[in-house]
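Enquirer: The listed protein sequences derive, respectively, from chains A and B. Using the numbering used here, the first residue of the first sequence is number 462, and each one after it goes up by one. Using the numbering used here, the first residue of the second sequence is number 745, and each one after it goes up by one.
Some hints could be false.
What the hints assert, rightly or not - Stretch-level coverage of chain B by chain A, calculated; a stretch enters the list once three of its residues show a Cβ under 8 Å from a Cβ in chain A: (1) 805-818; (2) 858-868; (3) 956-966.
Stated by the list, open to error - From chain A, some residues computed to sit far from chain B (all C-beta separations above 12 Å): (4) G519; (5) G536; (6) F553; (7) I583; (8) R734.
Hints were generated in silico from the structure; no laboratory data involved. Beta carbons: idealized from backbone N, C-alpha and C, even for Gly.
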Amino acid sequence: MKQQSFIKVGLKFILAILALFYAANSYAGGGWPQPKGSGYFKLGQYSIIADSYFTPAGDIVDITTTGFHATYLYGEYGITDKLTTTVYFPFFSRSTLNRVEDASGELVQEGESVNSLGDTDIGFKYNIINKGVAVSALLTLGLPLGNPSGGASGLLQTGDGEFNQMISIDASKSFGGGKFYASAMLGFNNRTQGFSDEIRYGLEGGYHFSNFWAIMRIDGRTPLMNGNEDFIPNNGIFSNNIEFIGFNPELVYEVKDNWGFSVGAGFAVNAKRILAAPAYNAGIYLKI
Amino acid sequence: MNKWIYLLAIALSLTSCIGTDVLEEEIFPERVQIVSSADTIKVGESFQFIALFFNTSGEMEDVALNWRSLDNSIIEINQNGLATAVNGGTTQLIVEANAVSDTALVTAGAATVSSTNTDARTGTFQGLNNYRVEGSFKMELLGESSVRLSFEDDFVASNGPGLFIYLTNNENSISGGIELGELKETRGAQFYDFDQADLFNVYSYVMVYCKPFGVPFGRGAFEN
Chain A
462 MKQQSFIKVG LKFILAILAL FYAANSYAGG GWPQPKGSGY FKLGQYSIIA DSYFTPAGDI
522 VDITTTGFHA TYLYGEYGIT DKLTTTVYFP FFSRSTLNRV EDASGELVQE GESVNSLGDT
582 DIGFKYNIIN KGVAVSALLT LGLPLGNPSG GASGLLQTGD GEFNQMISID ASKSFGGGKF
642 YASAMLGFNN RTQGFSDEIR YGLEGGYHFS NFWAIMRIDG RTPLMNGNED FIPNNGIFSN
702 NIEFIGFNPE LVYEVKDNWG FSVGAGFAVN AKRILAAPAY NAGIYLKI
Chain B
745 MNKWIYLLAI ALSLTSCIGT DVLEEEIFPE RVQIVSSADT IKVGESFQFI ALFFNTSGEM
805 EDVALNWRSL DNSIIEINQN GLATAVNGGT TQLIVEANAV SDTALVTAGA ATVSSTNTDA
865 RTGTFQGLNN YRVEGSFKME LLGESSVRLS FEDDFVASNG PGLFIYLTNN ENSISGGIEL
925 GELKETRGAQ FYDFDQADLF NVYSYVMVYC KPFGVPFGRG AFEN
């Protein structure tokens, strides 16, 4: 149960835990392509439940608790040694808004939910360099298969309703006989339907020990503020002009050479116009 | 591998239910407020006094009101709030409900003069929680039963989901307030009518409020 007071000014510099909608851009294997005929596939679950929100100035305010959950399939497949195709398909997405009662138990506002497919990404990664450092260019097409106005109020979303196209450059290198790796990413996301375009960036490092990979990913998003000023975002998951720098630790356990599972979370030190809560991600992967 | 898939499914079902948020209880002092009053009542005539009771939630509640006059030889008042001037002079009329009361100093004289404010009430918006809400507003009576709240041409509000307009006595919440409807436009002149003229002088603030997520976007205090 949640106590609702309205402002928690001054929390912005705390390691506030963030609503990172990072699932879609955190798998793509960095600059390394999949060899021809090889693939990586993952069944995953992404969840966030938030009762706080980063305002446009980055302060945190309490909100009615809202949640977003996506069960997704992610895949990479090497069409050639140079060209890899990627798919992120949230085949079940669910957005919820809590019921609100006053202290005496009297209904203030009904809760609601919406279930649907989620926004889906299809990508094409072309490997440019693969000697020492692997560098690839990635084109990602964001298909608006989710529901941008669901629930009784029309305010719940499982997608943003816009078709976006992102181009990015990924570079990766391994060290220490494969025990370490590092990746960097820089991308431009062209958004439609009144959303501002975005610069996306990320750094990632991994360390292999026993059967585990310990991974830390730092990523960020900066809007170019060139969207429609009168555009009305429905909620804080698919909002416009989102801005954040996030830290995303992840642990991967290799059960066998060809499969294992992963758990991760998302945290932020600074954010605007996004839910302020931990985001969790877990999945099972298979390599072929 | 199958058991891990089952675990994922269980995690999904456990985390994705609709929960319940319980609002923190805001306690307001009980009060009774005379909202229709007279400075002077002509001797031999009557005037209808009206009072409203607000409970500890700040909400109007229909309770029994006890009206009395300190000097019945000057002005008499019945339990419905109908006051009659009997002889010249000045006295105090009192309304009580539960343990709270309100008073009006009334003269029995040569003419009846209402003391209820019927002039337009005005104010200016300011943003809250880093959201932009600007511009001026005015509230005026439309005849005897209706009220119109008008936003002027200079009104501008940040976009947001489910923005509604409230009258409230709390500068940071809508507790005890009344909802006038969904915000019609984020820019420019617009108005909101409601049929409770008794409430014309009751509330202190106009609030632009994101109803589904419970966040005030802006408010304006009445200056008169």
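Enquirer: Sort out which numbered hints this structure fails and list those numbers smallest first.
Expert: 1, 2, 4, 6, 8
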